[in-house]
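Going line by line, the protein sequences match chains A and B.
Using the numbering used here, you'd call the opening residue of the first sequence number 1 and step up by one each time.
Using the numbering used here, you'd call the opening residue of the second sequence number 1 and step up by one each time.
Honestly, I wouldn't trust all of these hints.
Pairs involving identical chains hold if they fit within one copy or between any two copies, as the list cannot separate such chains.
Using 25 Å as the maximum straight-line C-alpha spacing, the simulated DSS-like pairs for lysine-lysine come out as follows [said to hold, decoys possible]:
id, residue 1, residue 2
1, Lys-108, Lys-123
2, Lys-69, Lys-108
3, Lys-69, Lys-197
4, Lys-108, Lys-14
Quick caveat, the hints were computed from the structure, so don't treat them as lab data.
2 protein chains.
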Amino acid sequence: MNLREALHWRYAVKLFDRTRTLSTEQIEELAEVVRMAPTSLGLQPFRLLIVDDPAVKAQLDTACHRQQKQPGSASHVFIFAAPTAVDEPFWREYVDRAARERHLPPEKRGEFETRVRNYITSKSEAELPHWVEKQVYLAAGQLLLAAALAGIDACPMEGFDRNEADRILGLRQMGLRSVLLCPLGHRSPMDTFAAVKKVRLPRDRFVIAP
Amino acid sequence: MNLREALHWRYAVKLFDRTRTLSTEQIEELAEVVRMAPTSLGLQPFRLLIVDDPAVKAQLDTACHRQQKQPGSASHVFIFAAPTAVDEPFWREYVDRAARERHLPPEKRGEFETRVRNYITSKSEAELPHWVEKQVYLAAGQLLLAAALAGIDACPMEGFDRNEADRILGLRQMGLRSVLLCPLGHRSPMDTFAAVKKVRLPRDRFVIAP
Numbered sequence: 001m002n003l004r005e006a007l008h009w010r011y012a013v014k015l016f017d018r019t020r021t022l023s024t025e026q027i028e029e030l031a032e033v034v035r036m037a038p039t040s041l042g043l044q045p046f047r048l049l050i051v052d053d054p055a056v057k058a059q060l061d062t063a064c065h066r067q068q069k070q071p072g073s074a075s076h077v078f079i080f081a082a083p084t085a086v087d088e089p090f091w092r093e094y095v096d097r098a099a100r101e102r103h104l105p106p107e108k109r110g111e112f113e114t115r116v117r118n119y120i121t122s123k124s125e126a127e128l129p130h131w132v133e134k135q136v137y138l139a140a141g142q143l144l145l146a147a148a149l150a151g152i153d154a155c156p157m158e159g160f161d162r163n164e165a166d167r168i169l170g171l172r173q174m175g176l177r178s179v180l181l182c183p184l185g186h187r188s189p190m191d192t193f194a195a196v197k198k199v200r201l202p203r204d205r206f207v208i209a210p
Numbered sequence: 001m002n003l004r005e006a007l008h009w010r011y012a013v014k015l016f017d018r019t020r021t022l023s024t025e026q027i028e029e030l031a032e033v034v035r036m037a038p039t040s041l042g043l044q045p046f047r048l049l050i051v052d053d054p055a056v057k058a059q060l061d062t063a064c065h066r067q068q069k070q071p072g073s074a075s076h077v078f079i080f081a082a083p084t085a086v087d088e089p090f091w092r093e094y095v096d097r098a099a100r101e102r103h104l105p106p107e108k109r110g111e112f113e114t115r116v117r118n119y120i121t122s123k124s125e126a127e128l129p130h131w132v133e134k135q136v137y138l139a140a141g142q143l144l145l146a147a148a149l150a151g152i153d154a155c156p157m158e159g160f161d162r163n164e165a166d167r168i169l170g171l172r173q174m175g176l177r178s179v180l181l182c183p184l185g186h187r188s189p190m191d192t193f194a195a196v197k198k199v200r201l202p203r204d205r206f207v208i209a210p
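Can you build the whole structure from these sequences, using the hints too?
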């Protein structure tokens with residue numbers, strides 16, 4: 001699908017076709033988009049859970065507001081999960097790995113460590129989770145576009161009970177918390193939302209001249 | 001460029017080639033990606049400014065931390081700008097427009113209005129700007145991937161003086177505030193950062209089994 005077609009073809013699917021599953025290759029391609037997404041300083045302050053177990057997907061339905069059926073009907077659910085603490089062990093692991101992979105001499109390594117430390121410690125405890133979530137959303141944007149270009153349907157979901165999702169997925173024991181759900185698969189022919197007109201600001205109102 | 005190539009080819013450009021400009025068609029295609037990006041309830045709580053005036057781009061350099069040169073050297077700078085107030089006039093305009101374009105009968109229109117009102121008013125004054133920024137980042141993710149697929153370089157920038165950028169661009173008079181800058185163009189052959197190894201968590205550490 002070309003870019004313009006994909007932008008108009010996609011919509012936030014409300015019901016997936018339970019009989020159609022995505023291939024391992026398709027899922028790996030989409031996971032790679034998320035893994036390679038840019039993040040501030042390359043810190044990647046999130047991880048990706050991929051769920052295809054029907055029982056777990058059905059449980060996730062119960063964590064969604066307004067009795068939504070996307071996770072349970074989807075082929076796979078991508079869950080963006082952030083570390084509960086973006087603390088020194090978290091960022092130091094990244095600094096060590098980056099310094100090693102880039103063969104940084106000690107002085108350059110020290111500069112890089114200082115830069116990352118200053119960056120993280122400049123943010124308040126209230127700001128850090130928001131910074132993390134913004135990185136997640138940027139990666140999610142790439143995922144959604146890549147999926148649409150491949151003819152794969154999706155529904156980004158932020159309206160769900162995070163505590164309940166964390167419990168279902170066992171995230172807290174892994175030091176993680178759920179940020180965004182993205183069920184993936186193919187739209188059901190029964191999903192009447194596919195026919196709802198997509199409403200966007202016209203170009204001349206959306207793009208502002210300085 | 002295919003998807004995997006684009007993911008590895010792109011990087012956060014530090015210096016653009018000042019002699020290479022993007023065509024109107026390229027810019028319009030990328031603006032369309034941002035305009036069509038999904039947002040919560042379709043509310044599109046941001047606008048896009050496109051700057052190609054050399055004097056304005058050079059001024060934006062001065063608003064960037066650490067004397068960065070991306071805006072001034074880029075062909076174009078996309079600025080994601082959010083309304084300073086996501087208030088009733090803001091969301092009501094959307095409800096009116098969506099109801100009109102979708103030919104909603106009065107009852108359905110009322111339900112939609114209630115849903116949007118409840119959604120917005122459920123968020124605290126502190127939460128609203130964060131919600132807005134997440135929508136911006138999702139759209140920015142789509143922009144960055146679309147650019148890379150088209151062989152266009154970019155650099156998402158969140159480290160800049162927002163007050164200064166707002167002043168340069170006259171955003172406050174338009175009821176807007178800058179959220180994210182994205183200079184676009186072609187990398188300079190002098191940008192040594194193109195050769196820096198891209199560091200990402202390996203697949204088996206990034207993707208977590210539930």
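Item to check | Intra- versus inter-subunit Cα pairing at 25 Å for Lys-108 with Lys-14 | outcome: Intra 50 Å, inter 18 Å, cutoff 25 Å: inter-copy only.
Next on the checklist: Treating 25 Å as the Cα threshold, decide for Lys-69 and Lys-108: within, between, both or neither.
Outcome noted: Answer is between; shortest inter-copy Cα gap is 21 Å, intra-copy 50 Å.
Checklist entry - For the identical chains here, do Lys-108 and Lys-123 meet the 25 Å Cα criterion within one copy, between copies, both, or neither? => result within (23 Å within a copy, 44 Å between copies)
Item to check | Intra- versus inter-subunit Cα pairing at 25 Å for Lys-69 with Lys-197 | outcome: Within one copy only: 21 Å inside a chain, 42 Å across chains, cut-off 25 Å.
Going down the numbered hints, you'll see the structure goes against none, and every one checks out.
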